[in-house]
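There are 4 protein chains.
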Amino acid sequence: MASQQPLDLPTPSSCTAGTGSASVSKEVAEVQRLFKQSGVKYSMHSAGTTIEGSWDECMRIIGQCHSLLHANGVVRIQSDIRVGSRTDKKQSFQDKVKAVNDLLAQDGR
Amino acid sequence: MASQQPLDLPTPSSCTAGTGSASVSKEVAEVQRLFKQSGVKYSMHSAGTTIEGSWDECMRIIGQCHSLLHANGVVRIQSDIRVGSRTDKKQSFQDKVKAVNDLLAQDGR
Amino acid sequence: MASQQPLDLPTPSSCTAGTGSASVSKEVAEVQRLFKQSGVKYSMHSAGTTIEGSWDECMRIIGQCHSLLHANGVVRIQSDIRVGSRTDKKQSFQDKVKAVNDLLAQDGR
Amino acid sequence: MASQQPLDLPTPSSCTAGTGSASVSKEVAEVQRLFKQSGVKYSMHSAGTTIEGSWDECMRIIGQCHSLLHANGVVRIQSDIRVGSRTDKKQSFQDKVKAVNDLLAQDGR
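If you're matching them up, the sequences are chains R, F, X and G in order.
Residue 87 in UniProt numbering sits at position 87 of the first sequence, with consecutive numbering throughout.
Residue 64 in UniProt numbering sits at position 64 of the second sequence, with consecutive numbering throughout.
Residue 104 in UniProt numbering sits at position 104 of the third sequence, with consecutive numbering throughout.
Residue 13 in UniProt numbering sits at position 13 of the fourth sequence, with consecutive numbering throughout.
Mixed in with the good hints, there may be bad ones.
Put simply, identical chains are the same to the list, so a pair is met inside one copy or across any two.
The calculated DSS-like cross-link candidates involving lysine-lysine, where the alpha carbons are at most 30 Å apart (straight line), are [to be verified]:
1) Lys-41 x Lys-89
2) Lys-26 x Lys-89
3) Lys-36 x Lys-26
4) Lys-41 x Lys-26
5) Lys-36 x Lys-98
6) Lys-41 x Lys-98
7) Lys-26 x Lys-90
8) Lys-96 x Lys-36
9) Lys-96 x Lys-41
Derived from the structure by calculation, the hints contain no laboratory data.
Between the sequences and the hints, there should be enough to build the whole structure, so can you do that?
Now the structure itself:
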């Protein structure tokens with residue numbers, strides 16, 4: 001039986017680290033449409049969607065994503081939100097990626 | 001229709017921030033049994049389970065949790081692992097909670 | 001040099017999986033005091049703090065934690081918020097832990 | 001004083017939800033170089049880096065990232081790993097993004 005000797009189990013032969021939650025394309029598309037309508041700056045990628053705005057705006061929109069999916073019949077929703085704020089300077093999420101890519105471009109490889 | 005005017009939606013009237021993933025008690029109990037058998041130091045709480053050990057040991061056991069649940073018929077599993085390592089000193093997860101509680105105890109409120 | 005052959009590096013000999021963010025006790029204590037004043041239902045554990053309430057209430061308080069630490073001189077803050085909402089039933093975070101513990105109690109071990 | 005009336009504090013006027021951890025470009029670039037050398041399939045984006053491979057391979061490489069940064073003098077490191085595995089089908093992280101974009105393309109907007 002499966003649960004008899006779990007410590008002898010191998011770890012999964014494949015996984016995707018960094019991958020976002022539910023992966024149900026239809027639901028994710030619904031959420032993208034909401035982001036589009038909202039006017040917030042957003043970018044979908046392989047680990048979810050990054051959005052940028054005031055704290056209250058970002059959190060309200062994410063809450064509305066939950067409400068939208070609930071309204072569409074999804075009974076339970078779990079989101080993982082990583083949120084950063086800083087007072088030293090204003091840096092967009094594109095700036096952050098660019099800063100790393102600029103460093104890598106100097107590698108000459 | 002639900003998806004017509006998502007931006008007019010209220011945010012959910014209740015939520016639990018910090019709450020761990022699947023919340024299916026039976027599956028979570030399976031995972032706790034695996035942790036118990038493994039001999040690793042662990043502690044279940046309202047946001048998941050904290051474990052402590054070498055990197056390879058911790059990651060292998062979490063992978064075995066995935067394999068165990070897959071073996072029990074769960075087709076897709078998503079875990080959120082927050083992992084920390086430090087070189088300055090050795091501090092157990094109990095020490096961390098204690099350090100905060102010690103500070104709060106001085107508040108006299 | 002350290003970065004020459006990173007692929008030959010061993011993984012860390014110890015880590016804590018599930019451990020919450022900054023771990024600076026003083027800052028964490030500040031946040032606990034804010035939760036206490038807020039009147040929200042909360043519980044600190046080894047992976048952070050779980051809070052329970054309406055979406056807007058929870059998110060506003062977490063945002064105020066950022067503002068509080070910024071006001072105390074912390075320049076950059078990163079939070080990891082796992083948030084769940086469900087429409088099928090109301091279940092507190094204590095109920096969730098209890099449901100698992102009840103199952104484990106039946107194990108007779 | 002800052003911590004006197006935290007509940008009167010406004011939430012931050014800007015934030016980036018979904019944004020990855022430390023944001024120190026130099027350290028992130030180091031990690032990207034390690035991923036490149038490793039031969040693992042990877043993709044950097046605004047919320048971190050997604051990698052794909054066997055469980056053990058992915059976790060070993062992430063552990064080596066910690067070790068690399070420790071070797072470069074970073075005393076404490078915290079990573080947030082979201083990891084998924086599934087038994088129903090094999091789907092790369094590009095496939096996942098494509099599945100959503102295909103749906104959105106049918107919107108005609």
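Taking the hints in turn, this is what the structure says about them:
Within a single copy, Lys-41 and Lys-89 get their C-alpha atoms as close as 18 Å, which meets the 30 Å cut-off; across copies the closest is 33 Å, which misses it. Taking the shortest alpha-carbon separations for Lys-26 and Lys-89, only the inter-copy value of 17 Å comes in at or below 30 Å, while the best intra-copy value is 37 Å. Proximity of Lys-36 to Lys-26 under the C-alpha cut-off of 30 Å is restricted to the intra-copy arrangement: shortest distance 15 Å within a copy versus 33 Å between copies. In this assembly of identical chains, Lys-41 and Lys-26 lie within 30 Å of each other by CA distance both inside one copy and across copies; the values are 21 Å within and 26 Å between.
Taking the shortest Cα distances, Lys-36 and Lys-98 sit within 30 Å of each other both inside one copy (23 Å) and across copies (17 Å). Both within a single protomer and between protomers do Lys-41 and Lys-98 lie at most 30 Å apart by alpha-carbon distance, with minima of 17 Å and 20 Å respectively. Taking the shortest alpha-carbon separations for Lys-26 and Lys-90, only the inter-copy value of 18 Å comes in at or below 30 Å, while the best intra-copy value is 34 Å. In the homo-oligomer, the alpha carbons of Lys-96 and Lys-36 lie at most 30 Å apart both inside one protomer (22 Å) and across protomers (19 Å), since each shortest distance falls under that limit.
For a Cα distance limit of 30 Å, the shortest separation of Lys-96 from Lys-41 qualifies both inside one copy, at 15 Å, and across copies, at 21 Å.
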